[in-house]
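Top line first, the protein sequences correspond to chains U and L. Letter 169 of the first sequence, counting from 1, is numbered 168 in numbering that gives the first Met the number 0, and no numbers are missing. Letter 169 of the second sequence, counting from 1, is numbered 168 in numbering that gives the first Met the number 0, and no numbers are missing.
Don't take every hint at face value.
Claimed, not checked - Distance condition first, Cα-Cα at most 30 angstroms in a straight line; then the derived DSS-like pairs of lysine-lysine:
{"hint": "1", "chain 1": "U", "residue 1": "Lys149", "chain 2": "U", "residue 2": "Lys134"}
{"hint": "2", "chain 1": "U", "residue 1": "Lys134", "chain 2": "U", "residue 2": "Lys115"}
{"hint": "3", "chain 1": "L", "residue 1": "Lys68", "chain 2": "U", "residue 2": "Lys56"}
{"hint": "4", "chain 1": "U", "residue 1": "Lys134", "chain 2": "L", "residue 2": "Lys68"}
{"hint": "5", "chain 1": "U", "residue 1": "Lys17", "chain 2": "U", "residue 2": "Lys56"}
{"hint": "6", "chain 1": "U", "residue 1": "Lys149", "chain 2": "L", "residue 2": "Lys68"}
{"hint": "7", "chain 1": "U", "residue 1": "Lys17", "chain 2": "L", "residue 2": "Lys68"}
{"hint": "8", "chain 1": "U", "residue 1": "Lys149", "chain 2": "U", "residue 2": "Lys56"}
{"hint": "9", "chain 1": "L", "residue 1": "Lys68", "chain 2": "U", "residue 2": "Lys115"}
{"hint": "10", "chain 1": "U", "residue 1": "Lys115", "chain 2": "U", "residue 2": "Lys149"}
No wet-lab data here; the hints were simulated from the structure.
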Amino acid sequence: MGDEAVVRVENVSVRYNKQLVVDQVSLEVARGSVYALLGRNGAGKSSLMRCLLGLQKPTSGRVLVFGEDVWTHRARLLARAAYVPETSDAPGTLRVRDVVAFHQSMYPTWDQASVKARLGRVGVSEAAMVSALSKGQRALFTLALALGSKPELLVLDDPTLGLDVVARNDFFSDFIGELADRGTTVILTTHDLAGVEGIADRVGILQGSRLALDEDVEQMKIDRGQSLEQIFTELTRGAGGLS
Amino acid sequence: MSRILAVALLDVRRLAFGLVSGALVAGLIPALSSGLGSKIEIGAVVAVAFFVVGLAAGGTFGSDFSDGKSSFFFARPLGAGVLIAGRFAALLTLAAAAFFSFMASSWISSSDRSDWTLSVLTRFHAEALLIAWALSLFVSLAAAVRGRGVRVEGGFRAMAMIPVRLGLSMGAFLLVFGLFADLVVRAYFNDSIPIRIFGLSWVAASLVASCVAIAGGRTERGRISRYQGRVMAAHFALVSVVVVGAWIYVLHPGVDAIQRVQYPTWGSPDGRSAYVAAVVDRGDGRTFRPVYILDIASGEARRLDADAFQGPWMSADGATVTWSAATPFFFRPLLRSLGGVTSYRVKTASGEVSPLAMPSHLPDYRNVRDLANIGVVDWILPSPDGDVFAIQWDRQLAFMSRSRGELSEIDEGKDRAGIARGINLAEAAFLPSGDLRAARVLRDPAGAQTLTFIDIQPTSGSVKIVASIPVEGPVRVQLDSKAARALLTSVTQPGIGAFVALVALSGEPDGPRPRTLLKDALFPSAVFLADGRIAGASGGSAGASNRRALQIFSPSGEPLVDVPLGAGMPPRPGREMFPGIIAVSTGSFNEELSLIDVESGAVVRRIPNVFTPPWGFRGTTPPGTPAARLLQSGDGKLYELPSVTAEPRLLLPRS
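The shape of chain L in the complex, shown without the other chains (with noise of 0.2 angstroms):
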């Protein structure tokens, strides 16, 4: 012990006039920023100075081994351990001397000391000093040993070898660092501790190095070099395998792995397959969300290698898929530029997975600059013949052709100020002549705004309005099957209310009139069923509040069958289940779905805790089919309704 002190002597000797000066001069920094005005916490400040504390000793470890000079502490009675135990209490010293001699100074200097306070030390202050003294001997000590006389044999093939070896070094590098980038970004984004880990191993690594090589190499420079060098390349190499397993592990899980099937989950236009977004066992929960291809029949799935909300999306028929390859994102500007196409796929209805050319403005991973752009495209939608793709990213629009190539594009972001609300894909259907009707929100200069659906000719760009409505507000709008009609739903206003109106986009020959189906209602909303009905419902009137009601409506708005749903939640109308059997939640928290029948409006039945999954926007699933017959729990558990009084199937999760 006296041994260990001793040693821890000679440091504070050395540095402690230097470091308890420099924290006197500290102290004052938090009273004179609070005289200009602002305000600088002390912890942050005392974080600085500790930081500092570990360079300096860290720094004065490591430079007593340059010219052999470490003999001063290897050629007296001293084992390594009591000189790195003495090294190590000479650093809590000189923290505890900077601490106090900041604290007193900060004290003195303060003229409101009401908060005050010695206890301002957290594990970051800690964390502070020891990664600054842990990095600094390790830096220090390489550069002691590193000095003059140090001479590396060379020759002709030592030179040819080193742009080979530093070729190796580097690419081994970027695919470790890579892979973790990746698996963090896709995994962990919101979990702060695989970074902290990955970090603090390599402190740790070059701390154990340190003492490894001091203890290794006492006053051999060559030895103490290659001692630091095998460990940190023992670290690298135990990195490389805990990264590369962790990559593969984490983000590639089995059907076993899924824990809650989340939103969102919706069923394919063909009835058969769902598309399940799940939480699984594995990454932080929220960032990491998986899609799986759920075979309902047999429920098989098997998991969509895409990126985070890149996909799936698929034509109205559900034969074409597209979605963006989960390939590492932090490789994709080298591969790019090494001649690989990019990661977004195409499914087609023959079951062939092809890449899919992206528009050439798109920023899809040319350049580093463009890994600021992930998850960049907002939607696409394949027309139903699967040759025609409809792209559209950042108020960019472009229609891509898988047989001719970069069709067009529309730059919605040149007219802003005439542009209340671009084009929205989600809303949009390609027609049977090839053309995309949309629709969008315009403003004139007085600041009226109209909704207007436009047809999109993909070859040439060209936009022919269809239907212009005034409106007010945000509205959100429903095509049918055909696009032939739009359902427009409002935003619910204090004491007004929203509307749902219908509008017939067949070209009436003084233009659309929209037919008012719901007016004054709470929270409305409606849906196309299958024979061209409409189900509404809302949760009651601006004047006649918490009286929910279902209506339904003919093909043309005619009212056909009214059902009150007593008092409660806003109902949710959800998918037609069953042919001419549509579910709405109801109960009083919208806790319970019922099937209601659309001809009497009888309700055939409840069941309790479950909803349907949202609705509305990727295609539309036949009624009757399995996919039309999903139902959600709360503590997201997956099934299917077998029949109307069957008991539900358990998907997901398997356990």
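Chain U extracted, bound-state conformation (with noise of 0.2 angstroms):
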């Protein structure tokens, strides 16, 4: 798998202050597969996902993205990648059509078309504020943004937070899919292990700020024979989380 990682993180640690929240983790995303980062609130998901991205520096250890140093070389390498934060980061004093516009001039590989279907399948109008958009539609938004660029590398950071029952079944077993019969890496967190135990190939699940798991699902599934939640349940239980 090593020759094929789309993400490699080797030793990353993250500290705020004297606070460790991400230990020594390692792990490895191969091309084309979808990787599920689990954990409980405070884990350390959103750190992580965010040197993933080179959002972050590691206090110690890097993250390689296509092979290269990703803090060092972020604004390259995003040019190939799509991320979607927990809770939308685009600006509510703008319009979506301007945030669109934007984003069409940040990516030479954007797919105007798709990202305005996209849009009108949600009921998101392009004149609307973002600030006028509920959570929901922000969420939608936000990942009609991501995919516009058709990335080859998407972050999603507990992306269904927001959505509701319907559109979060849907968005794992429709829209994860296709991502990844496209041959879209796929990292996410999220806190909806139904949801993803079906899409996911790989599941990390962190737990006291380390990488306590990094298994193939099935595998794991096999060799336990318990369900991805019990066995989430079961590693994490009495693990405190930040909420």
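The task is to assemble the complex, starting from two chains supplied on their own in separate frames and drawing on the hints.
As structure tokens, then:
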């Protein structure tokens, strides 16, 4: 898998003042696979996600994306990747079409037609102010933006937060599955274990700031004879989160 | 480039409506104010508009980093440099939009467009825009990354360290800013460049700190905050080094730094030294003129570390010298509150230097308000024995004794209507009895003025009138070395000239009768010679102008010798350089110094392009001593004339 790895995390630690939130984590994500990073609140998932995109510098260790250090070559590497944060980061004082235009300028591979179509499907008006969108609309709008650049790597930080049950199921069954079929490498964090169980090729579970488990999903279920939810619960029981 | 424009366009879309609307409204202000009868400069309103644009653009940029929202930019293929360049391009675009909106509104609303022009922009406007942007970005970025969720490791130790760290930080800031303020007040009061450099350096540092923090911290609040803090700390360290270095270098110039010798320069009463105020190769050339004490025989000079115009003042015999030591102004209230002594110093005949106790009413840096009273003392006159000091400030005259403390105080400010001109210590002298003889002009209710000579008893402050002489207009008083006679010189009035009179203050039964030496004279002046005779000079009389003359009078005022000096500017008698030889500035424009024998009236030598240093106060210098033979040239050189026939010897500057 090593040569095929789109993302390689090498001994990454993240510390805020004296608080260690990610401790010596190493993992690899193969091209075209879906990797689900799980953990309770405060386990360090978002910090690790930000490190994966070069948004944050690890206290120690490094992250290679497409074989290069992402902190050093972030701007160039992110032309091939997209990110969906936990909450929309688009400035609320802009209109939807302004944000779309901004992204169009950023990515040579931008597919304006598909973005417009996707926004139309989810009922987001291009004339609307970003701040006027509902929580669910904002999440879908952010997803549409991420997919507009036709990324080779898609990083999603709890993307179903704010989506209703129907939208969440659609998201996992259709959306991510479609991306995986197209060969897009996907890394996501989520609390929706049932949703992710069917689509993830590999799963990592952060517990107590360390990577307690990093296994192939199917193999793991066979070996342990338990569902993902059971395994997660067993591993993280008693591990306090920061909520 | 397209990415820079994309970033810029975001800001323009967010801010343009508000800023352009504001500019359109602001454009009405000049016309509205004109209608109300007052004139507001368009340039000033544009500067304010640019400042607002800078604040808005910088604030928006910084606040984009709150709650990790900067991932909107950093999770895209966008370099930090492109992001900053884009925001800067947005700033310029918004400023241009605001400017043209403002000018259009101003043009439309103006009824008189005769002097209306688009060319109102200056460097000042660019500074207003950039300063506002840089400071607003810095503050808003700091606020964004220090928002909710930032927790500091606590504990008792951390809590205990807060006042320590705060105290150290405040102390360091006070030290550096205090030294810088001291440097400006002393050496650059007439030059705004150091203040501009100092201020703009902080603006530039804040901009660099913000850019470094954005590039290095990206979305991580803690890292952004650290980078901002580190850059500003580094700048503070750099500023500290520069300020301390500049303070030491600028305010402590050696003799080699002297470029020109300036007024005032005067000889010491013992005739061996000269006190030389000099323009040096640092400072603004006007504010900072340090005083050097020059040993004339050896040519050695050392700087007297004194406040400007606060000394040195010396006793009539020159043995006692006082001045205010040039300690940093802005720390004086603090040092005084910590038990420190006054800045005034006294050097006695033994050469010992010690603090001089000052009157309790003197605003002498006892609190911060006293900082407004820089250079408050007008004059200090030490008694010949070096024990009593007459100290004058703001119509107050106090007597301090080194052995007995504060003796008395006279408040002339209480009777402003009755005192037309108060006591001037530059025209006063201590008598052998210990009393201070001085003069002041009193005005009666009818408006008549009387020049009154008084003797003040320092211990009690009691005043005894020695002589009263009716006078009209301002009169300058010059006492002889024993304070037994006085020369009165009035101010030249058009058509009637002025007079010089001699008054004996020896207590005649009928009161003193002034003897007029020169009458209806044009710009007269007179000096006492060492043997008691008097030299008087004028530029002619009101009826016969331009006939210059020097006259020598006996000690009692009898005319002895009359020396015509031809046509030209009114002559100015200088020092008695050698016994019986007086120097007088002559030539058509006083560009020549004539040495005149007071016995025969013969001109024994003419020296071009020099003059003698000012005289008439700060004691007298015995003729024939090196200090009596000082010459100055118009280009700021100081010479000594070794003998009547010798060539002048250059003393300062050294190169």
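Hint by hint, here is what the structure shows:
1. U:Lys149 / U:Lys134: 24 angstroms, holds
2. U:Lys134 / U:Lys115: 19 angstroms, holds
3. L:Lys68 / U:Lys56: 16 angstroms, holds
4. U:Lys134 / L:Lys68: This hinted pair holds, its Cα atoms lying about 16 angstroms apart.
5. U:Lys17 / U:Lys56: 16 angstroms, holds
6. U:Lys149 / L:Lys68: 23 angstroms, holds
7. U:Lys17 / L:Lys68: 24 angstroms, holds
8. U:Lys149 / U:Lys56: Given that 30 angstroms is the threshold and the Cα spacing comes to 26 angstroms, the pair holds.
9. L:Lys68 / U:Lys115: 24 angstroms, holds
10. U:Lys115 / U:Lys149: 14 angstroms, holds
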